[in-house]
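Trainee: Produce the entire structure from the sequences given, and follow the hints as far as they go.
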Amino acid sequence: MVGMSDGDSIDPANWDELIQSLPPGWEDAASRREPGMLGITVVNWRTLEDEKAPEVWTDLGEWVAWFIRRYRLPARKIPTCWYRHGSLVEELSALHTAWLVSFDSLDAGYGPIGFHERLAIALPRLASWYSGECHDGHVELPYASESAPPQEWADWIAVSHAG
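Numbering of the sequence shown is given in UniProt numbering, commencing with residue 1 and proceeding in unit increments.
FYI, nobody ran anything at the bench for these hints, they're computed from the structure. The beta carbon of each residue, even a glycine, is placed where N, CA and C say it ideally should be. Hints should not be assumed to be uniformly reliable.
To be verified - Below are the EDC-like pairs computed for lysine to aspartate or glutamate, each with C-alpha atoms no more than 20 Å apart in a straight line: (1) K77 <-> E91; (2) K52 <-> E133; (3) K77 <-> E117; (4) K77 <-> E133; (5) K77 <-> E62; (6) K52 <-> E62.
As the list claims (entries may be wrong) - Simulated restraints, written as ranges between beta carbons of each label pair: (7) R72 <-> E17: 13 to 21 Å; (8) D50 <-> Y71: 30 to 38 Å; (9) P54 <-> S131: 26 to 34 Å; (10) R76 <-> A120: 30 to 38 Å; (11) S105 <-> Y71: 21 to 29 Å; (12) P149 <-> G109: 36 to 44 Å; (13) T58 <-> F103: 28 to 36 Å; (14) E62 <-> A162: 16 to 24 Å; (15) D155 <-> G109: 39 to 47 Å; (16) R69 <-> Y110: 23 to 31 Å; (17) E17 <-> L73: 43 to 51 Å.
Mentor: In structure tokens form, the structure reads like this:
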């Protein structure tokens with residue numbers, strides 16, 4: 001905590017005072033829509049509201065497109081229809097958040113290596129979330145570097161898909 005030195009701890013007698021000083025709604029993580037201490041907004045896909053969906057999907061879509069190019073990930077790992085696979089959305093969103101936090105100005109400099117450590121753990125999970133086949137009736141395009149059809153993407157991001 002700010003102002004605390006190593007070995008200091010919060011006196012349990014002051015916990016009530018500390019809790020009362022927190023902003024209203026702090027205990028309801030699902031209601032957190034504003035950036036946290038590091039300026040990062042964590043997406044809770046279960047509670048994403050339709051009016052926020054286009055911005056959230058666009059941010060994630062732009063990052064995923066960059067991520068696929070930067071790390072040269074083939075379509076068999078992350079298909080162009082990734083946004084239609086809930087497990088891929090969750091994993092990619094978590095990686096996006098970890099990446100954002102790793103480059104925050106409040107980070108002590110360990111963030112980028114921490115992101116890559118998390119990425120190494122996430123890559124096998126990505127492979128298990130997507131087996132190279134789509135079972136939702138949509139067809140995978142041949143290359144991950146291609147974008148989703150513009151109208152399909154625009155229609156998709158218009159709502160939250162919080163399901």
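Trainee: So, for every hint listed, does it hold in this structure?
Mentor: Hints, verified against the model:
A distance of roughly 12 Å separates the Cα atoms of K77 and E91; the hinted pair therefore holds under the 20 Å criterion. For the hint pairing K52 with E133, the CA-to-CA distance comes to about 30 Å; that exceeds 20 Å, so the pair is violated. Proximity of K77 to E117 is assessed by CA-CA distance (about 18 Å); at most 20 Å being required, the pair is judged to hold. Distance restraint check for K77 and E133: the Cα-Cα separation of roughly 10 Å lies within the 20 Å cut-off, and the hinted pair is therefore satisfied.
Restraint check for K77 and E62: the C-alpha separation of about 17 Å stays at or below 20 Å, so the hint holds. The straight-line distance between the Cα atoms of K52 and E62 is roughly 16 Å, inside the 20 Å bound, and the hint therefore holds. At about 52 Å, the CB distance of R72 to E17 disagrees with the hint of 13 to 21 Å. A hinted range of 30 to 38 Å for the beta carbons of D50 and Y71 is consistent with their spacing of about 31 Å.
Taken as a hint, the range 26 to 34 Å holds for the pair P54 and S131, whose Cβ atoms sit roughly 30 Å apart. In this structure the supplied range 30 to 38 Å is violated for R76 paired with A120, their Cβ-Cβ distance being about 19 Å. For S105 and Y71, the hinted distance range of 21 to 29 Å is satisfied, since their beta carbons lie about 24 Å from each other. Here the CB-CB span from P149 to G109 is close to 41 Å, well matched to the stated 36 to 44 Å.
T58 and F103 have their C-beta atoms about 19 Å apart, which leaves the hinted 28 to 36 Å range violated. In this structure the hint that E62 and A162 lie 16 to 24 Å apart at CB holds, the actual value being about 21 Å. A hinted range of 39 to 47 Å for the beta carbons of D155 and G109 is consistent with their spacing of about 42 Å. For the pair R69 and Y110, the beta carbons lie near 25 Å from each other, so the given range of 23 to 31 Å is met.
The hinted window of 43 to 51 Å between E17 and L73 holds, with their beta carbons roughly 49 Å apart.
In summary, the structure is inconsistent with hints 2, 7, 10 and 13 from the numbered list given earlier, while agreeing with the others.
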